[in-house]
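Asker: In case you want the letters, here they are:
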Amino acid sequence: MNVQELIQLIDGNLLTSPNHLDVEIKGGFGADLMSDVLTSIQPEAVLLTGLCNPQVVRTATMADVSAIVLVRGKVVPVETIDLANQEGIPLISCLKGMFELCALLYNAGLPSFEKPLPNSDCGCY
Amino acid sequence: MEGSTPRSQKVITDQMVENITKVEELAYELRVREVMTKETKALSPDMTMRDVVEMFRVERISGAPVVDGKKICGVVSMEDIIRCLLANDIDAPASKYMTKNPITVKLNEPVVEALKYFVNAKVGRLIVVSQDNELEGIITKGDITRGYLRALQRQNEEEELRRYRAKHLFEDIESDRTSLILRYNIIAGDFRHGGAASSNIKRALLRLGASPQIARRAGIAVYEAEMNLVIHTTHGGIIRVEIEPHRMSIRIFDDGPGIEDVQKALTPGFSTATEQIRELGFGAGMGLPNIQRCVDEMILESSPGNGTRLKLKINLDKDTTTDEKLSPIKENAKNESANTN
Numbered sequence: 093m094n095v096q097e098l099i100q101l102i103d104g105n106l107l108t109s110p111n112h113l114d115v116e117i118k119g120g121f122g123a124d125l126m127s128d129v130l131t132s133i134q135p136e137a138v139l140l141t142g143l144c145n146p147q148v149v150r151t152a153t154m155a156d157v158s159a160i161v162l163v164r165g166k167v168v169p170v171e172t173i174d175l176a177n178q179e180g181i182p183l184i185s186c187l188k189g190m191f192e193l194c195a196l197l198y199n200a201g202l203p204s205f206e207k208p209l210p211n212s213d214c215g216c217y
Numbered sequence: 441m442e443g444s445t446p447r448s449q450k451v452i453t454d455q456m457v458e459n460i461t462k463v464e465e466l467a468y469e470l471r472v473r474e475v476m477t478k479e480t481k482a483l484s485p486d487m488t489m490r491d492v493v494e495m496f497r498v499e500r501i502s503g504a505p506v507v508d509g510k511k512i513c514g515v516v517s518m519e520d521i522i523r524c525l526l527a528n529d530i531d532a533p534a535s536k537y538m539t540k541n542p543i544t545v546k547l548n549e550p551v552v553e554a555l556k557y558f559v560n561a562k563v564g565r566l567i568v569v570s571q572d573n574e575l576e577g578i579i580t581k582g583d584i585t586r587g588y589l590r591a592l593q594r595q596n597e598e599e600e601l602r603r604y605r606a607k608h609l610f611e612d613i614e615s616d617r618t619s620l621i622l623r624y625n626i627i628a629g630d631f632r633h634g635g636a637a638s639s640n641i642k643r644a645l646l647r648l649g650a651s652p653q654i655a656r657r658a659g660i661a662v663y664e665a666e667m668n669l670v671i672h673t674t675h676g677g678i679i680r681v682e683i684e685p686h687r688m689s690i691r692i693f694d695d696g697p698g699i700e701d702v703q704k705a706l707t708p709g710f711s712t713a714t715e716q717i718r719e720l721g722f723g724a725g726m727g728l729p730n731i732q733r734c735v736d737e738m739i740l741e742s743s744p745g746n747g748t749r750l751k752l753k754i755n756l757d758k759d760t761t762t763d764e765k766l767s768p769i770k771e772n773a774k775n776e777s778a779n780t781n
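As given, the protein sequences belong to chains F and C, one line each in that order.
Residue numbers for the first sequence follow our numbering, beginning at 93 and rising by one.
Residue numbers for the second sequence follow our numbering, beginning at 441 and rising by one.
If we strip away everything but chain C, and leave its shape as in the complex, we get:
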């Protein structure tokens, strides 16, 4: 995407700098040893600049470290070669034109350390050394970019592999009736993590090969139920999801105060939520009706003092997503806007 880099830079705020991004995370995770170029050609201090130029041409490189015995004493880059050529001094030893005291990074340092040098020192390459300061290789900005791409691709492949394995789970295991059971303990009042179980369930369904529409319906239904556990129960509750190839059964149960009037609780707009919960954007009395809309079957059992048990079923083999449910009605939306214009 051309021009995307400067544009995305425009929207970087101070706040963003404070918050570590995913790419930055990689800069801390990846080590110099994982991205560097190993087996670097090294120069000796008494090599002539003529030989250095010839070596750069043959090896197609634009810089190399100068090593005296085991000691790293400098680095020769294109800039140094240009200085030498301008002085018409091509037969001088490398030690005369090399940049002394080159910047080094250690094998095990995170890539972010190398990035800091690149930003501050405006150099093209850094020398990578072992714990004993012996030459191990060099690292360039290009190495880091390639390392990033490899790491990102690896992460992608891992997700693909997880999906592949999950999809074949039911085919590879033979039994008269195979099902996968997921259990989640939900803590009352934990608004920070409320919804994490639903995220995990939705992701599991997608990995198992469910259609995005079905994963969405299941996600919304379980999320509403999960938030009910967070908001309304005394000790939280349990979400149990049983996935079979043709359907999923979800049971959400708690030992909370129970529901006074089940019929009333199912009425859209009826709510017992407090002001604090409403401020979070919940408690509009749409939870249970919304769950009902998303699933193929719903049974609600509850009485005061006896907790609440919610049983849901969603068919997986045929997509029962209808207009009544959550199917996208993009065409209608487009027409509507066309009419208004």
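With the rest of the complex left out, here is chain F:
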């Protein structure tokens, strides 16, 4: 699906200027930990996250993310929107929660673009 279709599917609000709406989204990834995004996301995915600081956009730029969805209708700082416009990444806000959005997109046929870690030991206890 492309960004336009994604917005319709999740009933989202586009916060950035209406550019890059025909960019293809090939998979999905949900995380609030930017380190996880940088470690495991594959290119051309939609990033679902509850964070809305400018670093989300920076992370998305580095990881070749196609679009960002900010879950649970968070109030987004202007600098985040400015940066997304500057970097040309569509920023979408959505009232739905992370779990519901992941399910919605997965059921619509979007595969997970989360790569397993090369070694399963992540160091968490």
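What the hints contain is simulated information worked out from the structure, not anything from laboratory work.
No experiment lies behind these values; they were computed from the predicted model shown.
Even for Gly, the Cβ is constructed at its ideal location relative to N, Cα and C.
Each hint should be verified, as a subset may be incorrect.
[As the list claims (entries may be wrong)] From the derived model, a few chain F residues whose C-beta atoms are all more than 12 Å from chain C:
id	residue
1	K188
2	G189
3	F191
4	E192
[As the list claims (entries may be wrong)] Stretches of chain F that chain C covers, calculated by requiring three or more beta carbons in the stretch to come under 8 Å of a beta carbon on chain C:
id	segment
5	130-137
6	141-150
7	154-164
[Said to hold, decoys possible] Partner residues aside, some chain C positions facing chain F, computed with beta carbon under 10 Å:
id	residue
8	E464
9	A636
10	S638
11	Q653
12	V662
13	Y663
14	E666
15	M667
16	F722
17	A724
18	G727
For this one, chain F is given, so just place chain C on it according to the hints.
Answerer: Just chain C, lined up with the frame of chain F:
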């Protein structure tokens, strides 16, 4: 793309209206003089409507200003012609049927002023005048659209040209060993700009013709390192990138507190980050391991009180992106989802 306009209008929110978009930015940047139609045919008030119709047909226009000497006194549009025809009054002078006091915009006004009139007054054209209110031309919605397209194309061409020039940088300059050095000063605690250097480095690599995979690996590695400078140092630090045709060497150094146990810092999940940093989505102890995964060579030197020096190398001539690194495994992902269904 058919139907894309009404759909994108649907998602415009109040918040969006408050935030200026890129297209709107252009409306402020572009001046009326850059998009208007110059050398407009002008009508005189005593010209008959018959002659006006004939002129519109020959010139293939649908409206024109009426000028008396130097004074602009009206505008004749299709609507006025229809009124005249319905009254069966084709030999009347233009002054009888013209719309008086037409809306004018000045040459140097931003295009957004013209757009405001188009939205509010529902007219097809505006008269463009000089500072002394003399006729300079007309501006229509079509002129603005064409002006937009030209401006967008110009921006595109500029980026293409930058790419072209950058790509040929190494070929055009002869030496025994040519390299390009980029330096960035990173300020400690500056979360707002943290990551800007990495964005610039990634863009530079793409302009220099690096593959998207390599630019992505370099971007992620430098971004993690840049955020480390923002989060963990006392006075920030420096990122120095040396790009050669076959490889890039990145050095990130600071005079911060240094690392107590280098081996421990490389362990996935080990972190000394504060709660505030974790709230930003960082500090999960994946930074250094992630850098290591993205580069071809990594050396970390640090001891308490002596700052930290991180040296990275990425090969540019052959793509060493393997499955271990960051290569897309789209096929696998597709298969997985197919299996689950």
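Asker: Could you tell me which of the numbered hints above are not met by this structure, giving the numbers in increasing order?
Answerer: none
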